[in-house]
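Undergrad: Single-letter residue listing:
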Amino acid sequence: MSRFFYGKIALNNIKRNSKTYIPFILTCVGAVSLFYNMYFLSVAKDIGSVSDNRSLRLILRLGAVVVGIFSLIFLFYTNSFLIKQRKKEFGLFNVLGMEKKHIARVMFYETLMTGTGGIVTGVLLGILVSKLMILLLLKIVKFKATFGFEVPVEAIGATVILFGAIFILNLVYNYSQVHRTKPAELLKSPNLGEREPKTKWFATIVGVLSLGAGYYIALTTESPLVALNIFFFAVILVIIGTYCLFTAGSIAFLKMLRKNKKYYYRANHFASVSGMIYRMKQNAVGLSNICILSTAVIIMLSTTFSLYIGMEDELRNRYPRNIMVSARNVPAEKAEELNRFIGEQVESVGANQKNIVYYRYMSFIVIKSGQEYVFGNSAGYAYNNSVLFTFITQEDYNRMENAQVSLDDNEMLLYAVKGKIPGDDISFNGLKFSIREHLSSFSIYEQSSSILAQSNYAVVKDTKTIRKVYSALNGDGDMGELSYYYGFDTDAEKDTQIELVRILRQKLGNVTKDGFVEGAEHERDGFYTIYGGLFFLGIFLGLLFIMATVLIIYYKQIAEGFDDRDRFNIMQKVGMSRKEIWKSVRSQVLTVFFIPLGAAIVHLAFAFKVITRLLLIFNLTNILLYAGCTLLVVFVFAVFYTAVYSLTARTYYRIVSA
Amino acid sequence: MPLLEVKRLKKVYTTRFGGNTVQALTNVSFTVEKGEFTAIMGESGSGKTTLLNLIAAFDKPTDGEVLLNGKSIHSIREDEIAAFRRDHLGFVFQDFNLLDTFSIQDNIFLPLVLAGKSYEEMNRELAPIAKILGISDILSKFPYEVSGGQKQRAAIARALITRPEIILADEPTGALDSHATESLLKLFSEINKAGQTILMVTHSIKAACHAGRVLFIKDGELFHQLYRGSQLNAEMYQKITDTLTMIAAGGERFE
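Protein sequence lines correspond, in order, to chains X and F.
Residue 202 in this note's numbering is what sits at position 202 of the first sequence, and the numbering runs on without skipping anything.
Residue 1086 in this note's numbering is what sits at position 86 of the second sequence, and the numbering runs on without skipping anything.
Derived from the structure by calculation, the hints contain no laboratory data.
Computed from a prediction, not measured in an experiment: that's the story for all the values here.
Some clues are possibly wrong.
[Stated by the list, open to error] With a Cα cut of at most 25 Å, we get these calculated SDA-like pairs of lysine to any residue: (1) X/K144 - X/K262; (2) X/K579 - F/K1060; (3) X/K573 - F/L1244; (4) X/K142 - X/Y645; (5) X/K45 - X/I140; (6) X/K573 - F/D1087; (7) X/K368 - X/G286; (8) F/K1034 - F/H1074; (9) X/K259 - F/K1060; (10) X/K255 - F/E1120; (11) F/K1117 - X/K142; (12) X/K261 - F/R1086; (13) X/K262 - F/L1126; (14) X/K420 - X/R436; (15) X/K100 - X/L125.
[As the list claims (entries may be wrong)] Counterexamples of contact, computed for chain X against chain F with all Cβ distances above 12 Å: (16) F270; (17) A271; (18) V357; (19) Q506; (20) Q572; (21) G575.
Note that CB positions come from ideal geometry on N, CA and C, so glycine has one too.
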């Protein structure tokens, strides 16, 4: 009888709070099915058919971890919001004679119902859409799907355990909340006598500084590898800045407005400014969450989307020729032999060669030290002042560019791919060259290796000159022979190209040591797997974050609705017309709503440069493509955001005018 | 011409789906002259608050009308009613209805700000009123920082600052302790002596006996009225008590 009784109360409570509980349960269902799907994909047998399935599984597993952590944080946050709203209700139970242990029992049944309901529905929904997900994923990474339907027990188990634990955690939190508070406090209306927020200048200044520092880093980082190291740090700074400015900065700003009597004592500013001060106090954290989530969603979607769209470009950037052979320590005669060898192999599979690039070279990574370039080991590669020099002989240069250049011992032609070198002289640890000409074009440069660091091509008289540079930089020691590079395009079919790469790899060892063969077609599947996998992950996490944003917005509207109802009533009684109140409330709500989106767009604008640098690491050089993708994603997101706003605003108005 | 004229006022509430109807006011008529301090008494549910809401144009009557200076207030257009209320009526509520988000001063300024007055002008208006009400030194505080009595004074200041023709007070002493009640009622008498018309709804005998006239409402009808004339508070108190006892006993009208 009594068990039945508590269960019934619990059920009634959920029904009565359906305005807040239904979205909560829906979120659980969503989070559960997203997590199930991510986990399912990472263990699904079908994924085994994908060429680089280990990397893909790694990406998916990472996705599952992110979804898991995010669900934990988010469901905990939502639950704490719900329980705060319901404190008064529990206070009433307590006053009516229910002991805290009875309330705890009611809570247990509530959690049992919402938890079981959420998890079971979520898993069922997850299983239902899992086939769709795997088809989508395989479509994105361009692999054929197999028939059949899989329901891995491992995935169900992991989902149930994770979300079961989250619900237990929430229950424990709720117990502690009820246990800690006294019934009198529980009964007290939450808004009664709420203090006006203090101006926190310290936090405001911290916010301005860390946001400024984050932006500064984002704007001044040139080298992609430095960006990779420092991006995370900048993100943290911007997050701190966002929180501080939303919580403290906004209030400081509004109070300044209030001090301006002329501005403040106007019918359309009066209520809004003072209302906003309170609204910001209650909502600042939620708003910063929305802002950060929105930024994350937009960046994730725009980067993965542009990487996926620009895949062919990236492939070409990474592999400037369809097939490329390189080898270290190759003397001139050996190079001829290698050329012949490659030609024979190409013929043996019946393919052609075009756009042939062939030369021998020696690369040095040097560090700029004053006017001097000195030796730097490759660990220094990541620093802003490390520079890559690739030396080739005038013989190779004349052959490739159809030129007749004749250089002296201490002369060079210089081509700077990125970052100009001024002046007519250049010195490598004391070895001086005069620059005969700064080349404006250079047909052989490889984009991919050049984009990461400042990179230059130097044409000098002969191998002997290159050896002198080596000695100047490295001291004694033998440089050995120059390295060899041979790349060409071909019209052959994909399969033929892959076969050719296989043969070249197999036989190259007979001709030279330290040889290396790369084929674009051979790598294409891997590219699609990785970039497609990332894109899929972007969509997936984007969806999750958007769901979270929607829920935060919805709860915010409800909480504000209850707050504003009384204020609304009073103002009406004192002589504000309905229309005036609507206008004031609407402008406040709108401002509060669109501030996070506005801030997110500002973040994006400042992050633009550093993100384009990061995309270089993924061989994406097409900045316009990224800009376009960002604009598109921002637009779609804004439309979606506005739709969510107007939908939830209805609930808000219903509460306020009740 | 009387300042306020209530004619055959009737109000029937219908539940949302039109099932049950409740007659809050059957037929109420009375007038208030300029400078009068009138109290309306009655038990809970007798229709006091409904009557006040109708006079304040918060609600529309089922039948009858309310005239202020000979003008029917229910004929005023919906979008002008707020301005009308702001300019002609002042309100004092049981639960003060001060906005948490404003300081005491800003709460008092609210109706003037809405009327588009400048800051200097508002300050000029406020100074004498704040002095009379004894709230000059709490103006910069927030409602949660002051006592109930002070809150109610602030609310009265807010009602007075627009120089309304009539102040409508709904149980103004309902949330105050006896000390605060006493000083508030004295204040009302003083304001009234200075010429301010006041209409107060209350079920506190103590509050009612400060009034110049007491109207009794029972079951939605005007049941009886008492004039103070030259009587002392104590005599008035006794008469009100007698009347209420009789209403409670369900007896016929006497006198």
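Undergrad: What are the numbers of the hints the structure violates, in ascending order?
TA: 1, 3, 4, 7, 9, 11, 15, 16, 17, 20 and 21
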